[in-house]
Amino acid sequence: MVNIQNLHKKFNKNIVLNGVDLTINEGGIFAVLGPNGSGKTTLIKSILGMVIPNKGVINVFGDNIKNSSNYRHKIDYLPQIANFPSNLKVRELIKMIKDLRGNTTEDKRLIALFKLEPFLDKKLGNLSGGTKQKVNIVLTFMFDSPLIILDEPTSGLDPISLIRLKDLIQSEKTNGKTIIITSHIMSFVEEVSDEIVFLLEGQIYFKGTISALKTKTNQPDFEHAIASILTENHA
Amino acid sequence: MLKILKYSFYDLMRSRWSYVYFAFYMLLGVVLLFLNNDLSKAVITLMNVIIVLVPLIGTIFGVMYYYNSKEFTELLLAQPLKRSSIFLGQYLGVALSLSMSLILGLGIPFVFYGLFKSNAIWDFSLLLITGTFLTFIFTALAFNIALSNENKIKGFGYAILLWLFLAIIYDGLFLMSLVLFEDYPLDKLSLFGTMLNPIDLSRTLILLKLDISALLGYTGAVFKKFFGTNFGLILSLLMLTIWVILPILRITFKSKRKDF
Chain A
624 MVNIQNLHKK FNKNIVLNGV DLTINEGGIF AVLGPNGSGK TTLIKSILGM VIPNKGVINV
684 FGDNIKNSSN YRHKIDYLPQ IANFPSNLKV RELIKMIKDL RGNTTEDKRL IALFKLEPFL
744 DKKLGNLSGG TKQKVNIVLT FMFDSPLIIL DEPTSGLDPI SLIRLKDLIQ SEKTNGKTII
804 ITSHIMSFVE EVSDEIVFLL EGQIYFKGTI SALKTKTNQP DFEHAIASIL TENHA
Chain B
193 MLKILKYSFY DLMRSRWSYV YFAFYMLLGV VLLFLNNDLS KAVITLMNVI IVLVPLIGTI
253 FGVMYYYNSK EFTELLLAQP LKRSSIFLGQ YLGVALSLSM SLILGLGIPF VFYGLFKSNA
313 IWDFSLLLIT GTFLTFIFTA LAFNIALSNE NKIKGFGYAI LLWLFLAIIY DGLFLMSLVL
373 FEDYPLDKLS LFGTMLNPID LSRTLILLKL DISALLGYTG AVFKKFFGTN FGLILSLLML
433 TIWVILPILR ITFKSKRKDF
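Chains A and B, in that order, give the protein sequences.
Per this note's numbering, the first sequence starts with residue 624, numbered consecutively.
Per this note's numbering, the second sequence starts with residue 193, numbered consecutively.
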């Protein structure tokens, strides 16, 4: 579904991705993990075509994404920081995105699910961070795309919304979709993901299931396994 | 692109600044007409204001809009849209709404004063046309600067410098070179120098249309011979068009290679 070969990216002199090879197969939930500045967001933005790699090939759904924009019809993306044009109302933003991507009726269900009705006629600039994130989630999940990319989806959410988000992710998984997640909340990752990809200094340090990681690092739980990778490599 | 244009345009149309800009021109038009009590004279005074102010507003608005809509742009970039259509749509949205504020703001008081019955209508239209050109040129230049500079403060700085250079410093250098080389025939050179700066070009174009070129002396005669003709007018408009197209091309080129 997503195939990345020898991906290099540097910003000025700062090398962020240094030869990443990654294949993500259809179906399942993949978590991209790594310390701050390890290139998670850059990797995701490269897949979306927002960051243009210095070297390497990215194929999404079998086609090279270079200079192409149509493949994004098949991707739903939840950006890390939900900042929207503050002049727009929530209703208008949803309408606008539908206008740009095609019609859907799923938004009504999602608005009801996240209890966003009272906010529909409020301007986005006046919403709290958590409410903005809920709007962000609605915008992402209202389309029926085979690939879903979530960058820090849990930020700012209250516990109930977090549970709803997890349910939403699971139901999309059972629909046979591929979901790529980055997160710093290890318990969340452990709960939802089938396979993890661990990035370290611009390269893939580990790819496999969580239990394989535990065996590799000889640690009883996931959080310590991740911590042991980091201390080994930064000590 | 049209969809982005539509949303950028609506977004700006409901922002306070468009109304401030519109109200400013309206007030300017009314005050000038009231003080001058004469359409042609008001057009001349207006020209002096427009030539300096329109580029400044275009530059600042362009840079401001780009930096302010950064998040919106990122949201759009993740959608199945071409990069060039996102940026051109935003650019046209800004340029069109500014031009509309200019045309309506100045047009309404002049129309009520009896523009259509006077013979100043052509001068006034030329004023609005060059004003619109200047808006498009300087908004495009501002987008170029903003695209090349991640740092807001730097972007603003460069944009103001660019305006300062084209509106004031260029004239100074131009004048100095004329004084320095006064022993040589300079009419061709000054013609050429005027063509290269959109602000100078607009100013000359309007001045010569207003029949006050007799005040300009010998060079004025050369200019009149050139700009006064249809050929000169067409060439000037062509030059202004090139000034719009080149920055737009750079916007598309630059936006294709940028990381977000």
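To be clear, the hints were calculated from the coordinates, so they are not data collected in a lab.
Careful: at least some of the hints might be erroneous.
[What the hints assert, rightly or not] DSS-like cross-link-like pairs, simulated, lysine-lysine; straight-line CA separation at most 25 angstroms:
{"no.": "1", "chain 1": "B", "residue 1": "K446", "chain 2": "B", "residue 2": "K274"}
{"no.": "2", "chain 1": "B", "residue 1": "K195", "chain 2": "A", "residue 2": "K712"}
{"no.": "3", "chain 1": "B", "residue 1": "K198", "chain 2": "A", "residue 2": "K721"}
{"no.": "4", "chain 1": "A", "residue 1": "K678", "chain 2": "A", "residue 2": "K633"}
{"no.": "5", "chain 1": "B", "residue 1": "K417", "chain 2": "A", "residue 2": "K633"}
{"no.": "6", "chain 1": "B", "residue 1": "K195", "chain 2": "A", "residue 2": "K678"}
{"no.": "7", "chain 1": "B", "residue 1": "K446", "chain 2": "A", "residue 2": "K633"}
{"no.": "8", "chain 1": "B", "residue 1": "K262", "chain 2": "B", "residue 2": "K416"}
{"no.": "9", "chain 1": "B", "residue 1": "K198", "chain 2": "B", "residue 2": "K274"}
{"no.": "10", "chain 1": "A", "residue 1": "K746", "chain 2": "B", "residue 2": "K450"}
{"no.": "11", "chain 1": "A", "residue 1": "K636", "chain 2": "B", "residue 2": "K274"}
{"no.": "12", "chain 1": "A", "residue 1": "K712", "chain 2": "A", "residue 2": "K689"}
{"no.": "13", "chain 1": "B", "residue 1": "K448", "chain 2": "B", "residue 2": "K198"}
{"no.": "14", "chain 1": "A", "residue 1": "K678", "chain 2": "A", "residue 2": "K636"}
{"no.": "15", "chain 1": "B", "residue 1": "K417", "chain 2": "A", "residue 2": "K697"}
{"no.": "16", "chain 1": "B", "residue 1": "K262", "chain 2": "A", "residue 2": "K745"}
{"no.": "17", "chain 1": "A", "residue 1": "K746", "chain 2": "A", "residue 2": "K731"}
{"no.": "18", "chain 1": "A", "residue 1": "K731", "chain 2": "A", "residue 2": "K721"}
{"no.": "19", "chain 1": "A", "residue 1": "K731", "chain 2": "B", "residue 2": "K448"}
{"no.": "20", "chain 1": "B", "residue 1": "K346", "chain 2": "A", "residue 2": "K678"}
{"no.": "21", "chain 1": "B", "residue 1": "K446", "chain 2": "B", "residue 2": "K195"}
{"no.": "22", "chain 1": "A", "residue 1": "K721", "chain 2": "B", "residue 2": "K195"}
{"no.": "23", "chain 1": "B", "residue 1": "K198", "chain 2": "B", "residue 2": "K416"}
{"no.": "24", "chain 1": "A", "residue 1": "K633", "chain 2": "B", "residue 2": "K346"}
{"no.": "25", "chain 1": "B", "residue 1": "K262", "chain 2": "B", "residue 2": "K346"}
[Claimed, not checked] Among the chain A residues that face chain B by a calculated CB cut under 8 angstroms, a handful are:
{"no.": "26", "residue": "M624"}
{"no.": "27", "residue": "K668"}
{"no.": "28", "residue": "Y700"}
{"no.": "29", "residue": "P702"}
{"no.": "30", "residue": "M719"}
{"no.": "31", "residue": "D722"}
{"no.": "32", "residue": "V815"}
None of the values given here were measured: they were computed from a predicted structure.
All C-beta atoms in this analysis are idealised placements derived from N, C-alpha and C, irrespective of residue type, glycine included.
Going down the list of hints, with the structure as the test:
About 13 angstroms separates the Cα atoms of K446(B) and K274(B), which keeps this hinted pair within 25 angstroms; it holds. This hinted pair checks out: K195(B) and K712(A) have alpha carbons roughly 17 angstroms apart, not beyond 25 angstroms. Distance hint between K198(B) and K721(A) is fulfilled; the C-alpha atoms sit about 14 angstroms from each other, no more than 25 angstroms. A threshold of 25 angstroms between alpha carbons decides the hint, and for K678(A) with K633(A) the separation of about 10 angstroms falls inside it, so the pair holds.
The hinted pair formed by K417(B) and K633(A) fails the criterion: a straight-line CA distance of about 56 angstroms is larger than 25 angstroms. For the hint pairing K195(B) with K678(A), the CA-to-CA distance comes to about 33 angstroms; that exceeds 25 angstroms, so the pair is violated. As the CA atoms of K446(B) and K633(A) are separated by approximately 18 angstroms, the hinted pair is consistent with the 25 angstroms bound. In summary, the hint linking K262(B) to K416(B) is not supported, as the alpha carbons are separated by about 46 angstroms, beyond the 25 angstroms threshold.
Simply put, K198(B) and K274(B) have alpha-carbon atoms about 16 angstroms apart, close enough for the 25 angstroms limit, and the pair holds. The straight-line distance between the Cα atoms of K746(A) and K450(B) is roughly 30 angstroms, outside the 25 angstroms bound, and the hint therefore fails. Distance check on the hinted pair: K636(A) and K274(B) sit about 28 angstroms apart at the alpha-carbon level, beyond 25 angstroms; violated. For the hint pairing K712(A) with K689(A), the CA-to-CA distance comes to about 34 angstroms; that exceeds 25 angstroms, so the pair is violated.
Among the hinted pairs, K448(B) with K198(B) is consistent with the structure: their alpha-carbon atoms are about 22 angstroms apart, no more than 25 angstroms. Restraint check for K678(A) and K636(A): the C-alpha separation of about 15 angstroms stays at or below 25 angstroms, so the hint holds. Among the hinted pairs, K417(B) with K697(A) is inconsistent with the structure: their alpha-carbon atoms are about 61 angstroms apart, more than 25 angstroms. Restraint check for K262(B) and K745(A): satisfied, since their Cα atoms lie roughly 21 angstroms apart, inside the 25 angstroms limit.
Simply put, K746(A) and K731(A) have alpha-carbon atoms about 19 angstroms apart, close enough for the 25 angstroms limit, and the pair holds. Proposed proximity of K731(A) and K721(A) is supported: the alpha carbons are some 12 angstroms apart, at most 25 angstroms. For the hint linking K731(A) to K448(B), the alpha-carbon distance of about 35 angstroms lies beyond 25 angstroms, and the restraint is violated. For the given pair, K346(B) sits about 29 angstroms from K678(A) by alpha-carbon distance, which is inconsistent with the 25 angstroms threshold.
Proximity of K446(B) to K195(B) is assessed by CA-CA distance (about 21 angstroms); at most 25 angstroms being required, the pair is judged to hold. Between K721(A) and K195(B) the alpha-carbon distance is near 11 angstroms, which keeps this suggested pair within the 25 angstroms criterion. The suggested pairing of K198(B) with K416(B) is violated, with an alpha-carbon distance near 42 angstroms, which exceeds 25 angstroms. Proposed proximity of K633(A) and K346(B) is supported: the alpha carbons are some 22 angstroms apart, at most 25 angstroms.
At most 25 angstroms may separate the alpha-carbon atoms for a hinted pair to count; K262(B) and K346(B) meet this at roughly 16 angstroms. Interface hint status for M624(A): violated, as the beta-carbon distance to the closest one in chain B is roughly 17 angstroms, over 8 angstroms. At a threshold of 8 angstroms, the smallest CB-CB gap from K668(A) to chain B is about 7 angstroms, leaving the interface hint in force. The criterion of a C-beta within 8 angstroms of any C-beta in chain B is met by Y700(A), whose closest approach is roughly 4 angstroms, and the hint holds.
Nearest Cβ of chain B to the Cβ of P702(A): about 6 angstroms, under the 8 angstroms cut. The hint holds. Contact between M719(A) and chain B, as hinted, is supported at the beta carbon level, the nearest pair being about 6 angstroms apart and thus within 8 angstroms. The beta carbon of D722(A) is positioned within 8 angstroms of a beta carbon in chain B (closest approach about 6 angstroms), and the interface hint is therefore held. At a threshold of 8 angstroms, the smallest CB-CB gap from V815(A) to chain B is about 22 angstroms, leaving the interface hint violated.
Checked against the numbered hints above, the structure breaks hints 5, 6, 8, 10, 11, 12, 15, 19, 20, 23, 26, 32 and satisfies the rest.
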